[in-house]
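Asker: Here is how the chains run, residue by residue.
Protein chains: 2
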Amino acid sequence: MLFRQVYDYIRIRMKRGEWHEHDKLPSVRLLAMELNVNRLTVFKAYQLLKQEGLVYVKEKSGYYVSPEHLNNREAAYQGGALKHASAPDIRNKLSDIHRVEASNQFSKALIDPGLLPNLFLSDYVKRVFDLYPKLMGTYSTAQGDEELRTVLAAYLNQQFYTDCHASELIITTGAQQAIDLITRMWIRPMDAILVERPTYSAALDVFRAQGARLIPVEFAPEGYDMEQVELLMKEHRPRFFYLNPTFHNPTGYTLPADQRKQLLELAEAYQCLLIEDDSFHDIYFDQRPPRPLYAYDTSGWTIYIRSFCKYVAPGLRICAVVGSQDIINSLIKAKSLADNGTPLVTQKIFLHYFQSTRMQQHLEKLRIALQIRKDVMEEELRQSGLPWTWASPNGGLNLWIQLPEGLSAQRLLEEALRQSLTFVPGAICDPLDQIEDHIRLSYSFMNEASIRIGIRVLAQVASDILDREQM
Amino acid sequence: MLFRQVYDYIRIRMKRGEWHEHDKLPSVRLLAMELNVNRLTVFKAYQLLKQEGLVYVKEKSGYYVSPEHLNNREAAYQGGALKHASAPDIRNKLSDIHRVEASNQFSKALIDPGLLPNLFLSDYVKRVFDLYPKLMGTYSTAQGDEELRTVLAAYLNQQFYTDCHASELIITTGAQQAIDLITRMWIRPMDAILVERPTYSAALDVFRAQGARLIPVEFAPEGYDMEQVELLMKEHRPRFFYLNPTFHNPTGYTLPADQRKQLLELAEAYQCLLIEDDSFHDIYFDQRPPRPLYAYDTSGWTIYIRSFCKYVAPGLRICAVVGSQDIINSLIKAKSLADNGTPLVTQKIFLHYFQSTRMQQHLEKLRIALQIRKDVMEEELRQSGLPWTWASPNGGLNLWIQLPEGLSAQRLLEEALRQSLTFVPGAICDPLDQIEDHIRLSYSFMNEASIRIGIRVLAQVASDILDREQM
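First to last, the sequence lines map onto chains A and B. Numbering-wise (UniProt numbering), the first sequence opens with residue 1 and increments by one. Numbering-wise (UniProt numbering), the second sequence opens with residue 1 and increments by one.
Just so you know, these hints were derived from the structure itself, not from any lab. Misleading hints may appear alongside valid ones.
Each pair may be met inside one copy or between any two copies, as identical chains are not told apart.
Claimed, not checked - When the alpha-carbon atoms are kept at most 30 Å apart in a straight line, the in silico DSBU-like pairs for lysine-lysine are as follows: (1) K24 - K60; (2) K58 - K24; (3) K24 - K44; (4) K234 - K126; (5) K24 - K50; (6) K365 - K126; (7) K58 - K134; (8) K234 - K15.
Bound conformation, chain A alone (with noise of 0.2 Å):
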């Protein structure tokens, strides 16, 4: 429903006020041209903007802005505060749930605070601020401490047999401001881009937020169809990929390490970057995943995402970027506009707790832990009688579950938040906001007595929604 998001990009800028009421709308030929799309595209766009009254036609010139709605500035402003109508129409949707208060919370894909080692942690901020007495009163540069990112690029070099320098590498706010930055960056409205199906949902916000056309490719418990990937890049020529390949998120899901290869070739054929997101790579269970695909790619055609939010310190936010120098450079520009540098306190605590012994006997517990309620959850789900379904990960923080038939994510959801228990509902994560039957529980934020319970809680919700039904 490509005119479904025509009709989006139009009404975002008639919000903005770019045009006033009874002005001309660019004619169908010109933003078809504009927006490398058919004609009749363009033309459908129109006819629902006209049928909702937003705009009118003069016979023999064209569209028009309809003069009840959209009085822009003026309908922006109106009661003497600024009304964020004006402002683009963007949103967080994950955040919006993790608002809820629930006793039960399968929605947050983050580490229990329990299973964090705090009093070392904090201990070890103590020796840290003895090493730097300066710091706090002292700015980072906007591509990031330098001896973090030298200790952060030689990890990596060692753990990928790759060869990369700290001056590829950037500092970031989390994934988050990483995503955000390289958007920022590369997209213009109604540029393609290619998302996994599902994905991870504050992605999908700030692809929508800078008005990008989403195209899905489908992630199957073995991977994607390489030969629609072909297609859809020979197609659309997006500018990029964006994939989460290692215990991906939403599903669990790994991506083969021959299609990694694969999609490389494809990559620079098709001259589409690759935004790889990999938050998860070090929370396997039985066996280290593949090298991610930044490790294979020799031309420069990936942007390697790497967050250490999720389970090194999430209170420091700590993320690096590792790409070509030129796409490091232009990162760092964006960065020094965007907040010019992540706070050093927070650089010099992570680098000192990072390097430490203890850092890597926690992460070992951590994935004992992590698994340990992963098969609590699996156990509960297979014992609540109920025919879900779902690929078992082998890491990651998620159950990816295709709920029993008849039962919709959303009606599930409404009556678990009755129940106190929140998970997130499969459209969240769905660039084209439909998948109906699945939903993603997380296991890393409960502890196992906990999980039992929610699981049974949420069996019951499930049962009582299906007899109701099928009364």
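Please build the complex by placing chain B on the supplied structure of chain A, with the hints as guidance.
Answerer: Structure of chain B alone, referenced to chain A:
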């Protein structure tokens, strides 16, 4: 030279690959309508593009993209790696200067870390981690820590007799992020905004990257020409006026209280938001400055940016933004997409330090130390025998110096850099890129002895240039 801005606007869109070679560009009429400018302005922009061979004309048809230029995507990715030419043309000029290693740093408007109570700060941090043992494992909300917002709202209310609630305040990573988020939410390409002339250069960089049309308002020691401000608001209907009315950067000037009140009336009358950047409010020398504009505001037309980076703890990068609930709600959404929240660690450290009595003592000492440095710099300038002129500021970190006649800032900077001395040339702070006879000297980063040496070096360099040119 509005046509230059239209020219830049078209160039940026060409660079980003919106049009392919031999694509038809929008007509003069349409573009004039879209950008809300005169057709002649667009015509002149196209003429310049034609002269430069970037576009060509087909008789009776219009303007087309020349083939040799901007073969967009393909050209941008030439050589295998992405060239950032494909990204929008953005930079942060000030940070370019700061990257120069120099022994006489008059370019940095930062507090000398030696003036901050570092040992005390470090001790304090240790206590914070004892108070919140799980601090490192916890995410902040996008809006920022509620405890911190409550304390800052109470602080501002007490200081300015206002009535702001914690919900009407958002925490950002420095003023830079606040300016960036506000600009992203409310500015689209070619929107007019008012800016002081001169002004903070990194804000200009953000506005330019977003494609804003900059309308300058001259800032003199006695304030603005209010009649001119009204005319500009009437004529250009700016989205907002970005201003730094208290110990202004780079001039050190302060807008008188009566002009503050007038400005609020104009803002309401012409529905122009006032973006008040107030980073230097507490750095006064003899007497407190007038209350900020937002304290006089009764109808929601100000967004108040209050950074504490400059003097509380630069390494923490804590800034508060205050505005009507609608405005703050919009900014929370933007912040959640941009980085999902400032790290909790820095917020909690800041909170507890900010509330300490030690912090108030530090601030009083800091004011005295800075005033002494300012006096030393002014004394050395007077004793140099050269006709520098400036209005002595009552607070802030900078002197805005008019150069001796015949001396250009650019020339002086080139020679000064050879003597390992940096300062900020006026043009960087100028929305029109023209100021050639002023420079900004910061007295905050170097101690008294270094200031004396540095100013002597600067005076010598200036004399040499003037001597050579008179020969």
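Asker: Any hints from earlier that this structure breaks? Give me their numbers in increasing order, please.
Answerer: Per hint list: 4 and 7 violated.
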